Amino acid sequence: MTNIMEIYQLLPKTNCKECGESTCMAFAVALLSGTRRFTECPPLVKEGKYIDSKQKLEKILKPIEGAEETGLIIHEELCSGCGNCVVACPVDVANDPHGSGRGTGPTNDKVIFKVVDGKVKAANVKECRRFGKDKILCRACIDPCPTEAIEFV
Amino acid sequence: MALDVSKFIKAPEYGITIVTYRDVFQSSVCDEDRNGKECERLSAVIVLDATEMKRMGIQDGVNVRLTSKCGSIVVRAVSSPREEQKGIGFMVNSPWSNALVYDETTDGIPEFKNIKVKIKVTNEEIMSHRELFPL
Amino acid sequence: MTEMVTWTCTGCALLCEDIQVSISDNRIEHVENACMKGKARVFGCKEQAVPTIHGDKADIDDVIKDAARILRDAKNPLLYGWSNSTNEAHIAGIELARTLGGIIDSTSSFCQGITVNEILSGSVPSCTLEEVREKADVIVFWGADPMSSHPRHMSKYSYFPRGELRQRGYEEDRTAISIDVWQSRTAKICKNGFHRIPPGKDAEFMRGLIEALSGRVPKLSFDYDVKRILELAATLKKAEFGVLFAGLGLIYSIKEDITLLSEFTAALNQFSHYSLIPMAGHFNMRGFNHTLHEKTGHIYRVKFVDGKAISGVEYSVIEQMKRNADAVLVVGSDPLASLPGSISKRLKDIPLILIDPCMNLTSRVADVTIPCSTSGIEAGGTAVRMDGKTMDIHALVQGNNMSDEKIIERIIEEVG
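Residue numbers (the numbering used here), protein chains in the order written: chain A, 1 to 153; chain B, 1 to 135; chain C, 1 to 416.
If you're looking for bench data, these hints aren't it; they were derived computationally from the structure.
Predicted model, so just to flag it, every value in this text is computed and none were measured.
Don't take every hint at face value.
[What the hints assert, rightly or not] Result set (DSS-like, lysine-lysine): computed pairs, CA atoms no more than 30 Å apart in a straight line:
no. : chain 1 : residue 1 : chain 2 : residue 2
1   : A       : K119      : C       : K46
2   : B       : K116      : C       : K188
3   : C       : K322      : B       : K69
4   : C       : K237      : B       : K118
5   : B       : K54       : C       : K191
6   : A       : K135      : A       : K110
7   : B       : K116      : C       : K65
8   : A       : K114      : C       : K188
9   : C       : K237      : C       : K255
10  : C       : K188      : C       : K308
11  : B       : K69       : C       : K345
12  : B       : K10       : B       : K116
13  : A       : K119      : C       : K135
14  : A       : K121      : A       : K62
15  : B       : K118      : C       : K345
16  : A       : K121      : B       : K37
17  : B       : K37       : A       : K62
18  : A       : K110      : C       : K135
19  : C       : K255      : B       : K86
20  : C       : K348      : B       : K69
21  : B       : K10       : B       : K69
22  : C       : K46       : B       : K86
23  : C       : K219      : B       : K86
24  : A       : K121      : A       : K133
25  : C       : K57       : C       : K75
26  : B       : K69       : C       : K201
27  : C       : K227      : C       : K75
28  : C       : K255      : C       : K201
29  : C       : K348      : C       : K46
30  : A       : K121      : A       : K59
31  : C       : K237      : C       : K188
32  : C       : K389      : C       : K295
33  : C       : K65       : C       : K295
34  : A       : K46       : A       : K17
35  : C       : K188      : A       : K121
36  : C       : K219      : C       : K345
For reference, chain A alone in the conformation it holds in the complex (with noise of 0.2 Å):
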């Protein structure tokens, strides 16, 4: 999982503020909660010297420019489709309790997981215990994930 010291490496590290943030520190903040992309960072973009910084970046940036608004992300290259976490989740128990709660595929669409061509997707992130003012830090669709497809950022 990609941490905040990982992407700080990465920056110029001169607090030029050229991005409109105090410190590159902030930057980097910005960069892992998703609400900044790092071709905002103006030195980064144009010297030549942060060429490799910026392909590393571009590179572990990448899952999190996907991600939901709760951090959600899914990695498709590692789901084999099994449906774990749409079984799991306790909001798609509570919302499609004689679908989704009972195995069978969702027969809602209120429901946050849905596989389709083999592959989880995510939907309705915001009704996600880990999203809104009362959040929790649930692992109800991480744990019972037989590859890692899933994480939060």
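Given chain A, work out where chains B and C should sit, using these hints.
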């Protein structure tokens, strides 16, 4: 010119037992394209315990020759992320593992999951489907 | 126009019946709820088979005639495969074997056949997957890794779903146990319920558990924490409804001692209610055993002599391909990929007919290839799920080829 002595030294051989297993990613890829490169990449592999590999002088990712009493193949050796039992190698069930399986049985069921082999490091290339079964 | 169809998946022997497929102009667009194995099944193989004789393209009627000629000329024809075919194709196949006075066997011969035999003969109790979902509280995966072989096993039936008697969810209501030689993907989910044993020691561990069930401290020849085996026995005893999923890891290890399965389930049933389900792989492996059993009283390895069926290890695919068979008809299987290499080499030397929707490794050595439709995609019928329940399977789209059932019927006409 420096002489590469390593090629004159016979690589040591070790006895191990291969246990085969199923993998959903490999089986899906091979079902779609049995003759494809990707099926070969995911199949021609043996997984070993990291300390065992060290003991046998096998580096992660190198090719090894596996020889049983009825067949011999070249596959890639990969270290397991976990600690495994000693003396065991794991291979996904495939034409490569089957090439090592002995066909003499008393009950019509060959030992697909209990294959005694000798393992040694090699410079040879991984065998393709076609090399496994030359016409 | 896109149409949504509910479909029963033939990707494996779970036969998931809740799959949604969108179809437009006889083309499959998307599939929902199916795992990646199911998806691979729905979208089919890359290289489709074509009718050939000795590698040259031929007319479908000619290949059928040539296949019939090869089988008619053989003294010891073997009809093999069948786990990717419907029960109806099995009936046709058995009829062809009878007509030829030949041998019929399936992949179950070196797979879960012996386990199915224990169940059909009444030695080992079994139950349905629905019962597992509604009632099971202790679930044992022995030498089985459904997360790698049957991806929806745990989510649809055996662990994660809320069942009638298991309303509070898996963490509180169910205990999953994995007994295996390594920490498989399934074992990882079982967490502390994982017991790692040395390869080949399954029978000894099972006997140890039988001892522990009756309160004795088992002695094992390998290093194993006695406390853990006693704890495991206590967990097994406490079950209200227990189920043992027997994988090939277990079955291959105890194959010479297969009656141990009935001893073990009987020992468990002194304290609780236990059933066993074999982890059949291909979608209709078990169907072949059931159909043949119904027709002949044997589940596999049958030879017809003057119309009468006899069964024995000498009629197993392994023994036949190694020695006696002088012509082989393969239906929906790839023996070159799945049998021991030495046998595969012999297949080059005997006349071989392959009925399959796809090109596979065996296609390279087949004298005659006959393309058929994919069962459960382009052709329907019935099939038997891993737990023995018969399911209807339906065609999704119209294909270009005849079904294997139809092809075999045509061969019977030609042979007749």
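Okay, the hints, checked on the actual structure:
no., hint, in the structure
1, A:K119 x C:K46, "holds, 20 Å"
2, B:K116 x C:K188, "holds, 27 Å"
3, C:K322 x B:K69, "holds, 17 Å"
4, C:K237 x B:K118, "violated, 43 Å"
5, B:K54 x C:K191, "holds, 28 Å"
6, A:K135 x A:K110, "holds, 19 Å"
7, B:K116 x C:K65, "violated, 44 Å"
8, A:K114 x C:K188, "holds, 23 Å"
9, C:K237 x C:K255, "holds, 25 Å"
10, C:K188 x C:K308, "violated, 49 Å"
11, B:K69 x C:K345, "holds, 15 Å"
12, B:K10 x B:K116, "holds, 21 Å"
13, A:K119 x C:K135, "holds, 29 Å"
14, A:K121 x A:K62, "holds, 17 Å"
15, B:K118 x C:K345, "holds, 22 Å"
16, A:K121 x B:K37, "holds, 28 Å"
17, B:K37 x A:K62, "holds, 27 Å"
18, A:K110 x C:K135, "holds, 27 Å"
19, C:K255 x B:K86, "holds, 24 Å"
20, C:K348 x B:K69, "holds, 21 Å"
21, B:K10 x B:K69, "holds, 20 Å"
22, C:K46 x B:K86, "violated, 40 Å"
23, C:K219 x B:K86, "holds, 22 Å"
24, A:K121 x A:K133, "holds, 24 Å"
25, C:K57 x C:K75, "holds, 27 Å"
26, B:K69 x C:K201, "holds, 23 Å"
27, C:K227 x C:K75, "violated, 59 Å"
28, C:K255 x C:K201, "holds, 12 Å"
29, C:K348 x C:K46, "holds, 24 Å"
30, A:K121 x A:K59, "holds, 22 Å"
31, C:K237 x C:K188, "holds, 23 Å"
32, C:K389 x C:K295, "holds, 18 Å"
33, C:K65 x C:K295, "holds, 27 Å"
34, A:K46 x A:K17, "holds, 15 Å"
35, C:K188 x A:K121, "holds, 23 Å"
36, C:K219 x C:K345, "violated, 45 Å"
Hints 4, 7, 10, 22, 27, 36 from the list above are not met by this structure, while the remaining hints are.
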